[in-house]
Amino acid sequence: MAVENFLKSTTPVAGRAVASRRSFAIYTKLQREIVLGMLAPRSTLLELELANRFEVSQGTVREALLLLQEEGLVHRQAHRGTTVADCRAEDAEELIRLRHDIECRGVRRAIVRNGAALADALRGHLEAMQAAADADDEYLLSVHDRAFHSDLFAQADLPPVQPVLARALVHAHRYKILHPDQSRDLKETANRHLAIMAALEAEDADKAADALSHHITTIVDFGPSILEDRT
1 MAVENFLKST TPVAGRAVAS RRSFAIYTKL QREIVLGMLA PRSTLLELEL
51 ANRFEVSQGT VREALLLLQE EGLVHRQAHR GTTVADCRAE DAEELIRLRH
101 DIECRGVRRA IVRNGAALAD ALRGHLEAMQ AAADADDEYL LSVHDRAFHS
151 DLFAQADLPP VQPVLARALV HAHRYKILHP DQSRDLKETA NRHLAIMAAL
201 EAEDADKAAD ALSHHITTIV DFGPSILEDR T
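In this text, residue positions in the sequence shown follow this note's numbering: the first is 1, and each later residue adds one.
Hints listed in this document are in silico derivations from the structure and should not be mistaken for laboratory results.
Check the hints yourself; a few may be wrong.
[As the list claims (entries may be wrong)] Per label pair, the in silico range of CB-to-CB distance:
| no. | residue 1 | residue 2 | range |
| --- | --- | --- | --- |
| 1 | D185 | T83 | 28 to 34 Å |
| 2 | A117 | Q77 | 22 to 28 Å |
| 3 | R108 | S183 | 26 to 32 Å |
| 4 | N52 | L98 | 34 to 40 Å |
| 5 | E55 | R113 | 42 to 48 Å |
| 6 | K29 | D185 | 22 to 28 Å |
All of these numbers come straight from a predicted model, not from anything done at the bench.
Here a beta-carbon is modelled for each residue, glycine too, at the ideal position from N, C-alpha and C.
Model the full assembly from the supplied sequences, consistent with the hints where possible.
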């Protein structure tokens with residue numbers, strides 16, 4: 001799946017028209033720069049500067065920024081402009097907890113509805129992750145990693161929850177990339193999905209939920225167990 005196709009399939013656009021092709025292309029480029037830290041947390045984005053950079057109108061840039069705002073990657077305030085969202089541990093931790101609940105319940109429903117066909121549908125994403133790892137392309141690996149989890153959850157047929165998961169996915173990956181102490185070998189990152197695939201192939205809902213639980217709670221290191229209650 002192409003980067004643009006995956007991003008377009010998981011970008012929430014409820015309540016307004018789908019962004020134009022040109023604004024969507026700008027959105028994908030800016031998302032990459034934000035996730036990789038090329039646009040630093042808390043930095044300011046000026047519509048006029050972006051319009052000049054991409055040789056488009058400010059209205060086209062504004063559409064792209066609205067898509068990023070829906071993902072929580074930028075904050076837009078009237079008369080104060082647009083800033084890149086911070087990348088804090090407390091935000092990442094809460095989103096990972098939320099993601100854990102969404103995915104671990106969703107996979108059980110997905111297996112009931114689709115059985116072993118789930119693994120066949122996701123194999124392409126796994127192969128794309130491994131290829132991105134071989135090419136040392138961390139962002140492309142992130143794109144296909146998110147596609148793997150998004151497409152798996154889509155089979156649970158809970159569309160109102162899908163945009164929530166999409167936001168949790170992109171922020172977890174951004175946090176891991178921007179904090180070098182949380183990083184791991186790219187090949188290892190890709191192959192961490194093998195246990196999930198094995199459980200899906202066996203149509204074992206308990207095993208799949210356990211594999212996802214371990215996978216999600218070890219994306220980054222927040223201590224002995226991210227699932228422990230904290231006060």
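Comparing the hints with the structure gives:
no.: 1; hint: D185 - T83: 28 to 34 Å; result: holds, 33 Å
no.: 2; hint: A117 - Q77: 22 to 28 Å; result: violated, 46 Å
no.: 3; hint: R108 - S183: 26 to 32 Å; result: holds, 31 Å
no.: 4; hint: N52 - L98: 34 to 40 Å; result: holds, 38 Å
no.: 5; hint: E55 - R113: 42 to 48 Å; result: holds, 46 Å
no.: 6; hint: K29 - D185: 22 to 28 Å; result: holds, 27 Å
When the structure is compared with the earlier hints, a violation turns up for hint 2 alone.
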